[in-house]
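Participant: Using the sequences and the hints, build the whole thing.
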Amino acid sequence: MAGWLDALRRPSMTNVPPTAAEQRRNDLIMIAVILFALFLGWGIRSNTANATTRAALGGQLPSIAYPATWLDSRVEGEALHAVDPSSLSTFDARLEVRIRPVREGEDMDAVSMSWPLNRAQELSRFRNLANEVRTGPDGQPALLITYAYIADPTRDSGALGLPVVVKAQDLLFIANDGEQDQLVAVTVAADATEWNDYADEFARIFASLGVGGE
0 MAGWLDALRR
10 PSMTNVPPTA
20 AEQRRNDLIM
30 IAVILFALFL
40 GWGIRSNTAN
50 ATTRAALGGQ
60 LPSIAYPATW
70 LDSRVEGEAL
80 HAVDPSSLST
90 FDARLEVRIR
100 PVREGEDMDA
110 VSMSWPLNRA
120 QELSRFRNLA
130 NEVRTGPDGQ
140 PALLITYAYI
150 ADPTRDSGAL
160 GLPVVVKAQD
170 LLFIANDGEQ
180 DQLVAVTVAA
190 DATEWNDYAD
200 EFARIFASLG
210 VGGE
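With numbering that gives the first Met the number 0 as the guide, the letters of the sequence shown map in order to residues 0 to 213.
Bear in mind the hints are in silico, worked out from the structure with no lab data behind them.
Be a bit skeptical, because a hint or two may be false.
[Unchecked claim] Below are the SDA-like pairs computed for lysine to any residue, each with C-alpha atoms no more than 20 Å apart in a straight line:
hint : residue 1 : residue 2
1    : K166      : E121
2    : K166      : S85
3    : K166      : A119
4    : K166      : R124
5    : K166      : F201
6    : K166      : R118
7    : K166      : E193
8    : K166      : E95
[Stated by the list, open to error] Using C-beta positions, here's what the derived DEER-type ranges look like:
hint : residue 1 : residue 2 : range
9    : V74       : S113      : 31 to 39 Å
10   : L70       : R24       : 47 to 55 Å
11   : P84       : R203      : 17 to 25 Å
12   : E75       : Q120      : 13 to 21 Å
13   : M29       : G160      : 43 to 51 Å
14   : E131      : M29       : 51 to 59 Å
15   : A206      : T89       : 49 to 57 Å
16   : E121      : G160      : 15 to 23 Å
17   : P84       : R23       : 18 to 26 Å
18   : E131      : E105      : 44 to 52 Å
19   : E131      : D151      : 23 to 31 Å
20   : V164      : R99       : 41 to 49 Å
21   : V132      : P162      : 28 to 36 Å
22   : R53       : T18       : 53 to 61 Å
All C-beta atoms, glycine included, are put in the ideal place defined by N, C-alpha and C.
Facilitator: Printed below as a string of structure tokens:
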């Protein structure tokens, strides 16, 4: 009985404080675990941010890639319409693609003249900011038009949100879908105050089509 009581009174081995070497080892293990968790989280976040959805535009037309987190909300008359639901503006950043047959005698020179005029009729307070010549898919000429306009995204819902100044770019090029030449218009747009935040994503969208500089 006395021996049993002595055993109970004796300090447990688990209560013995670690030596300095053991403490350093434990600290290093903890630091390694934390760094691994941070690296893993960064990798997951990076992969999520860079993930894309690739959409076919039909026939032999090039496909286009856009952020996987964007929602496809197809609109009548458009081949593609995707928006970023995480946009802080009432005007969600977006990608729109329109495709129509090339008219008789129509070339990129004619498009460069007619397209801004059509946009001025479609969009409120349209202002053309810049026209740039680019190299489009398959090395064909393309036109990049940068412009601004006023949108009122909450009007249809009856809300009282303020109108928004939108900055946008239309990338225009002619490509054959396997049957006939088509004019492809790729539009990226965002609240002007958010434009710089989306500039890299918009550039990647254009790059997915194989579009280069002048």
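Participant: Determine for every hint whether it applies to the structure shown.
Facilitator: Going through the hints against the structure:
Using a Cα cut-off of 20 Å, the hinted pair K166 and E121 holds, with the two alpha carbons roughly 15 Å apart. Using a Cα cut-off of 20 Å, the hinted pair K166 and S85 holds, with the two alpha carbons roughly 18 Å apart. Simply put, K166 and A119 have alpha-carbon atoms about 14 Å apart, close enough for the 20 Å limit, and the pair holds. About 12 Å separates the Cα atoms of K166 and R124, which keeps this hinted pair within 20 Å; it holds.
Proximity of K166 to F201 is assessed by CA-CA distance (about 12 Å); at most 20 Å being required, the pair is judged to hold. Only pairs whose Cα atoms come within 20 Å are accepted, and K166 paired with R118 is accepted, the gap being roughly 13 Å. In summary, the hint linking K166 to E193 is supported, as the alpha carbons are separated by about 9 Å, within the 20 Å threshold. Under the criterion of a C-alpha separation no larger than 20 Å, the hint pairing K166 with E95 is consistent with the structure, at around 14 Å.
A C-beta distance of roughly 22 Å is found between V74 and S113, which places it outside the suggested range of 31 to 39 Å. For L70 paired with R24, a C-beta distance near 50 Å keeps the hint of 47 to 55 Å intact. Distance hint check for P84 and R203: the Cβ-Cβ separation is about 19 Å, which falls inside the suggested range of 17 to 25 Å. Taken as a hint, the range 13 to 21 Å holds for the pair E75 and Q120, whose Cβ atoms sit roughly 19 Å apart.
Between M29 and G160 the beta carbons are some 49 Å apart, a value that agrees with the proposed interval 43 to 51 Å. The supplied range of 51 to 59 Å is met by E131 and M29, whose beta-carbon atoms lie about 54 Å from each other. Checking the proposed 49 to 57 Å range against A206 and T89 shows it is violated: the Cβ atoms sit about 29 Å from each other. For E121 and G160, the hinted distance range of 15 to 23 Å is satisfied, since their beta carbons lie about 21 Å from each other.
Checked against the hint of 18 to 26 Å, the C-beta distance between P84 and R23 comes to roughly 48 Å, which is inconsistent with it. For E131 and E105, the Cβ-Cβ distance of about 20 Å falls outside the hinted range of 44 to 52 Å, so the restraint is violated. Distance hint for E131 and D151: a CB-CB separation of about 29 Å, consistent with the stated range 23 to 31 Å. The hinted range of 41 to 49 Å is not satisfied by V164 and R99, whose Cβ atoms lie roughly 28 Å apart.
Taking 28 to 36 Å as the suggested C-beta distance range, the pair V132 and P162 conforms, at roughly 32 Å. A hinted range of 53 to 61 Å holds for the C-beta pair R53 and T18, which are about 58 Å apart.
Violated hints for the displayed structure, listed by number in ascending order: 9, 15, 17, 18 and 20.
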